[in-house]
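Below, each chain spelled out in residue letters.
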Amino acid sequence: MEIIRFEHVTKTYPLYHHFFSGLKNFIFNIPSAMKQLRSSGFTALKDLSFTIQEGESVAFIGRNGAGKSTLLGLIAGVLKPTSGTIRVSKRVSPLLELGGGFHPELSGLENIQLNGVLMGLSRKQVAAKIDEIVAFSELGEFIHEPIRSYSSGMNARLGFSVIAHLEPELLLIDEVLAVGDASFQKKCFAKIKEFKARGVSVVLVSHNSSDIEMVCNRVIWIENHKILMDGPTAEVLPHYIKAMT
Amino acid sequence: MTPAHLYDLIYELLKKELKVRYKRLVLGYLWSIASPLMYAGLYYLVFYKILKVSTENYPLFLVSSLFPWQWMTNTIMIAPSTYIGNASLIKKTLFPRYLIPVVVAIQDALHYLVSIPVIILFVYIFHGTFSWHWIFGIPALVVVQFTIASSLNLLFATLTVFFRDLERFLQIGIMFLFYMTPVLYSETKIPDNYQWLIIYHPIAPLIINWRTLFMNGTIRGDYLISSLAWGVLLLSLAQFAYRKLSWRFAEVL
Ligand SMILES: Nc1ncnc2c1ncn2[C@@H]1O[C@H](COP(=O)(O)OP(=O)(O)OP(=O)(O)O)[C@@H](O)[C@H]1O
Ligand SMILES: [Mg+2]
Numbered sequence: 001m002e003i004i005r006f007e008h009v010t011k012t013y014p015l016y017h018h019f020f021s022g023l024k025n026f027i028f029n030i031p032s033a034m035k036q037l038r039s040s041g042f043t044a045l046k047d048l049s050f051t052i053q054e055g056e057s058v059a060f061i062g063r064n065g066a067g068k069s070t071l072l073g074l075i076a077g078v079l080k081p082t083s084g085t086i087r088v089s090k091r092v093s094p095l096l097e098l099g100g101g102f103h104p105e106l107s108g109l110e111n112i113q114l115n116g117v118l119m120g121l122s123r124k125q126v127a128a129k130i131d132e133i134v135a136f137s138e139l140g141e142f143i144h145e146p147i148r149s150y151s152s153g154m155n156a157r158l159g160f161s162v163i164a165h166l167e168p169e170l171l172l173i174d175e176v177l178a179v180g181d182a183s184f185q186k187k188c189f190a191k192i193k194e195f196k197a198r199g200v201s202v203v204l205v206s207h208n209s210s211d212i213e214m215v216c217n218r219v220i221w222i223e224n225h226k227i228l229m230d231g232p233t234a235e236v237l238p239h240y241i242k243a244m245t
Numbered sequence: 001m002t003p004a005h006l007y008d009l010i011y012e013l014l015k016k017e018l019k020v021r022y023k024r025l026v027l028g029y030l031w032s033i034a035s036p037l038m039y040a041g042l043y044y045l046v047f048y049k050i051l052k053v054s055t056e057n058y059p060l061f062l063v064s065s066l067f068p069w070q071w072m073t074n075t076i077m078i079a080p081s082t083y084i085g086n087a088s089l090i091k092k093t094l095f096p097r098y099l100i101p102v103v104v105a106i107q108d109a110l111h112y113l114v115s116i117p118v119i120i121l122f123v124y125i126f127h128g129t130f131s132w133h134w135i136f137g138i139p140a141l142v143v144v145q146f147t148i149a150s151s152l153n154l155l156f157a158t159l160t161v162f163f164r165d166l167e168r169f170l171q172i173g174i175m176f177l178f179y180m181t182p183v184l185y186s187e188t189k190i191p192d193n194y195q196w197l198i199i200y201h202p203i204a205p206l207i208i209n210w211r212t213l214f215m216n217g218t219i220r221g222d223y224l225i226s227s228l229a230w231g232v233l234l235l236s237l238a239q240f241a242y243r244k245l246s247w248r249f250a251e252v253l
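So the sequence lines, in the order shown, correspond to chains A and B. Residue numbering for the first sequence follows this note's numbering, starting at 1 and increasing by one per position. Residue numbering for the second sequence follows this note's numbering, starting at 1 and increasing by one per position.
Hints are all accurate, no fakes.
Straight-line alpha carbon distances no greater than 30 Å define the calculated BS3-like cross-link-like pairs of lysine-lysine that follow:
hint	chain 1	residue 1	chain 2	residue 2
1	A	80	A	196
2	B	19	A	129
3	A	80	A	46
4	B	244	A	226
5	A	90	A	124
6	A	191	A	124
7	B	244	A	35
8	A	124	B	15
9	A	193	A	124
10	B	244	A	46
11	B	15	A	129
The following residues of chain B were derived to be distant from chain A, with all beta-carbon distances above 12 Å:
hint	residue
12	26
13	28
14	41
15	45
16	102
17	121
18	132
19	134
20	141
21	174
22	189
23	194
24	202
25	223
Pairwise CB distance ranges (calculated):
hint	chain 1	residue 1	chain 2	residue 2	range
26	B	25	A	213	47 to 55 Å
27	B	240	A	65	28 to 36 Å
28	B	225	A	7	48 to 56 Å
29	A	198	B	11	25 to 33 Å
No lab work stands behind these hints: they were computed from the structure. Cβ coordinates follow ideal geometry from the N, Cα and C atoms, glycine included.
Could you build all of it, start to finish, from the sequences and the hints given here?
In structure tokens, the structure reads:
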């Protein structure tokens, strides 16, 4: 069964200088601001089509700024495509990105409660899992400290721990594994393996080829806003590594 | 989304909002009472003692209009940070984005509700009118004011995502509105040939109704309808802006 389908998806980011330079500038420059709004902006992804089947685990690779995070945002539904259609038939985990979906002023514990509910669980369900999540994160006393005091690795730990316990049907991971230390990475990979065994699909963005080899059986290489290569990991990855060095 | 989950969402978001804004629940409560009281004291000093305005029962007059006014401005002034302050959540998770402004408005409404006993204390001390009309009047005014306040929050929160300098315009606007609304002075002081304008004012009918409710135990039906109409108008406007723009939040924040 197919779980993700992209049909001729294009994502364009408008250029917002006129907006960000403020209302005052916008009002004084209405004609040029309007023209800018209608002009094409920056195209991050152009006419992308692909499908992902149930049980497949896919890695997106490509250079910085290729559009990988944009792709995950589109799958998660946080971003909307400029044109084309996207169908995702599974309950998607929230985007697991560096910086996490956390509120900097709240403690780790409070963020777990809030995030769980934002992801669609009831407060009761979150409460039932919270001890397990805290234990998995190994954050100890820091769980009571505000997130803004966390290191990026601690942030990633919390993020992964929350998502790992929410029973997602599709896991979206954007580079967070890279900042965890070796022991936590090992734990994450064990968890991912467990998910895969249960039939959960994983979509991963990573610059680390050994991570990709470990998790994914398929690799999609994005270059110049398009798919340059798409195939089994053993086939695509060597080409990519060669092109990068 | 089920009603049970909606409740959980609002509960958690409200808890977060209170935590982020006031750190401790008690501080938020004290602040929501202390702040309008401090202003009331200041205006009493300046306008009654120094400028010698001749409004009757000025302490009660000030308190009964400043408390609802503070509620209104608190909800409007926080609008620019409503979405921007929650950028990390919006960029990563999918949930109805309009809930944040709603929750912010609920928070300020709750703070107003818990400060009503203080107003009632003033009614008692300064001989306002305890009236059966309160039973209908207070909930009606709360609902109408909540609609106006939450709509304005949603509208300005949405627009500030795109126009970051809106906050400064908002500050000037509120200042302007404050002196254009009979908060410090009685509407009877407005010259006769401008009296008809009051009913078209977005906030004045509401503030006047709050004050007359606490001072005289009466409410003006035409003013209530005017406020209600503003509520419906602003809600439609805010919803329109939200529908057009909210899908871009994650890419702009
Ligand atoms: N919110 C945004 N507004 C405007 N342009 C954006 C926005 N997000 C991304 N872009 C642009 O789109 C392109 C793709 O960005 P994206 O973050 O998807 O790249 P990436 O493949 O994840 O890169 P990296 O490997 O560095 O994480 C970049 O050129 C970036 O400048
Ligand atoms: Mg990226």
